[in-house]
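Participant: Chains as they are written, first to last, in this note's numbering: chain A, 1 to 358; chain B, 1 to 167.
Note that these hints are calculated values from the structure, not bench results. Be a bit skeptical, because a hint or two may be false.
Taking lysine to any residue and the SDA-like style, the derived pairs with C-alpha atoms no more than 25 angstroms apart in a straight line are [what the hints assert, rightly or not]: (1) Lys165/B x Leu332/A; (2) Lys165/B x Gln328/A; (3) Lys335/A x Phe153/B.
Just so it is clear, the structure is predicted and the values come from calculations on it, not from any experiment.
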Amino acid sequence: MFSLEGITKAIDTWLNAHFNSTVVLLAECVLVGVAAIALFAVLGLGLVWMERKVAAVMQIRLGPNRLGPKGIFQTSADTLKLIMKEGLTPDGADKFLFNLAPFIVMIVAMLVLAPISFAKNFQIWDINIGVLYVSAVSSLSVIGILMAGWSSNNKYSLLGAMRSGAQIVSYELSAGLAIISIVVLTGSLSINDIIQSQQNGWWIFKGHIPAIISFIIFIIAVTAETNRAPFDLAEAESELTAGFHTEYSGMKFALFFLAEYINIFIVCSIGATLFFGGWMPLHIGNWEAFNHIMDFIPSSIWFFGKTIFLIFLIMWFRWTFPRLRVDQLLNLEWKYLLPISLFNLLLMTVVAIMGWHF
Amino acid sequence: MNATQIVFWFLSALALVSALMVLLSKNPVHSVLWLITVFFAISGHYILLNAQFLAIVNLIVYAGAIMVLFLFVIMLMNLNKQTEPQKNAWLKMAGAISGGCLLMILISLVKQANEITTKTARMKDGDIGLIGNLGKALFHDYVVPFEISSVLFLSAMVGAVVIGKKD
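With the rest of the complex left out, here is chain B:
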């Protein structure tokens, strides 16, 4: 087992354990902090694949911005163990069954997809994740979808401002 594999297994275990802890933590603030750990582990995977730009953007957008917003809201509402609504057992069971079904479908899909099983991930030498190549792909090959999605974001932002203004 070489160094890359050790790092891969460590990051994967970290991501899975943290993702489980997001669900299992009683305290909502702890859940959010575990979610931040998940994002760090995923960023580590991106760096292993030599996608440095993706890793950094993942940190900026998710760990830096969205999770800080989550923390803000949860801390301001002062949620804790007592205020968390207790769902009844039937709802929990139904959630477990439907989630398990989705997991089974995803696993079978991954097993059937020949394109994934025949190829191995390129460690350290893939270069599509570097900022220059990614920028060329985004602004050259996929420029129309990229611009349309930016218009979508703009309209979402305008919508948020309109809702916030309505007193």
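Extracted from the complex, chain A is given alone in its bound form:
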């Protein structure tokens, strides 16, 4: 049966048989880096294509359909165009920070990848506070955004960066509380333990109403955190041209664009891990036969399937809800989502202490 664990094991034993341990460690670090960059490239190209196709289906049109079957090579051609373009730096910009900012945003997105478990025993770093690590590091991307907005020396960019910062900082709270409610049920912050605790069913089914409420809050909060419509005030075209990346062109713009899609993938994979069991197949209690059939589907397919379903959900929001005003956005977070998620956390604690979950 196909499994990613088997591939890593085979590479590890082959390297250990031929080289000494230091070389093996270095080679594996390089391999992990190359694999992460390859994943980024594939995700960037694939998700942009998926977004355009989903948008086209929602608006009853065809979408990209010229290059390759179903237009699948359209995004590769677009990327090639962006590489060929000149990367301009405005005259009044703070040159060093202006050129550094896209890389900061990208590196932060890469760091968050470390504790995510892509398949059974297929994880870069099994840190014992994995969930906390993810929410900590993903909150750092706002520094890159503020840097880009300020160093462009452009009022639109600065306003976009300010809006984006305020939005990310405030919606982080409810996303964090939604994550904590699952941590309360599991009793561990490690991603591996959270997945193992869903052996006999996913938390969204086992956790009753509080789990469903926290899932809804989580998906709203992460949509806002990744600056996606209907919360895309930071780059509202009609008001701010393109927000914090107005002055960027060529490959530097492409890095921001790529980081946005990588962030969507990361938050969706966290959502899939917390609420839908990560790579854990659909198990129902102790129905041995049913669980065994489900185990035949490889764990990586479960993980990517769930993640892509959540990504589709977020893309669906874009064409369903109109954009909020700034005051509505902040009211929604501070007057509705935050009190609801605090109360929900209390409810979840009661459920966990009384053992009402399955």
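Assemble the complex: chain A is given as a structure, and chain B must be docked to it using the hints.
Facilitator: Just chain B now, with coordinates in the frame of chain A:
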């Protein structure tokens, strides 16, 4: 020199150079960004001591929240080289002397403290910084001070809201 030592020296040099750059940068935004680098270096030290929870909380609270607030304020006020007030030379000298005195006292204290000089830091095997042990210490041994400090924070928050409401 093994790998841990190389990382230690690198992080220490990074922290010191960045801390100096916080003071020496002409532009306030650059100062704040250097300060963020300092916090990253200190988080790296925490990870070396196997205190992963402390490292992450340091990043969340300082690099993620407080420094973002600083950046916000400084960017909104649009401070730059021209608007920075120039202090006169006497004030700078007085600052240097008093800061130097404090540094001397701290160094002599560290040199005298037998408890520190006889013990070495435990790399990789210390476990008090892990979240389970830290949580037990906070909520079991030090529960009263912990709760009192949380009340203090709550009152500070209420105070900030009251000041903000007064138009």
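Participant: Run every hint past the structure and note whether it holds.
Facilitator: To see whether the hints hold, each was checked on the structure:
no.	hint	in the structure
1	Lys165/B x Leu332/A	holds, 20 angstroms
2	Lys165/B x Gln328/A	holds, 19 angstroms
3	Lys335/A x Phe153/B	holds, 21 angstroms
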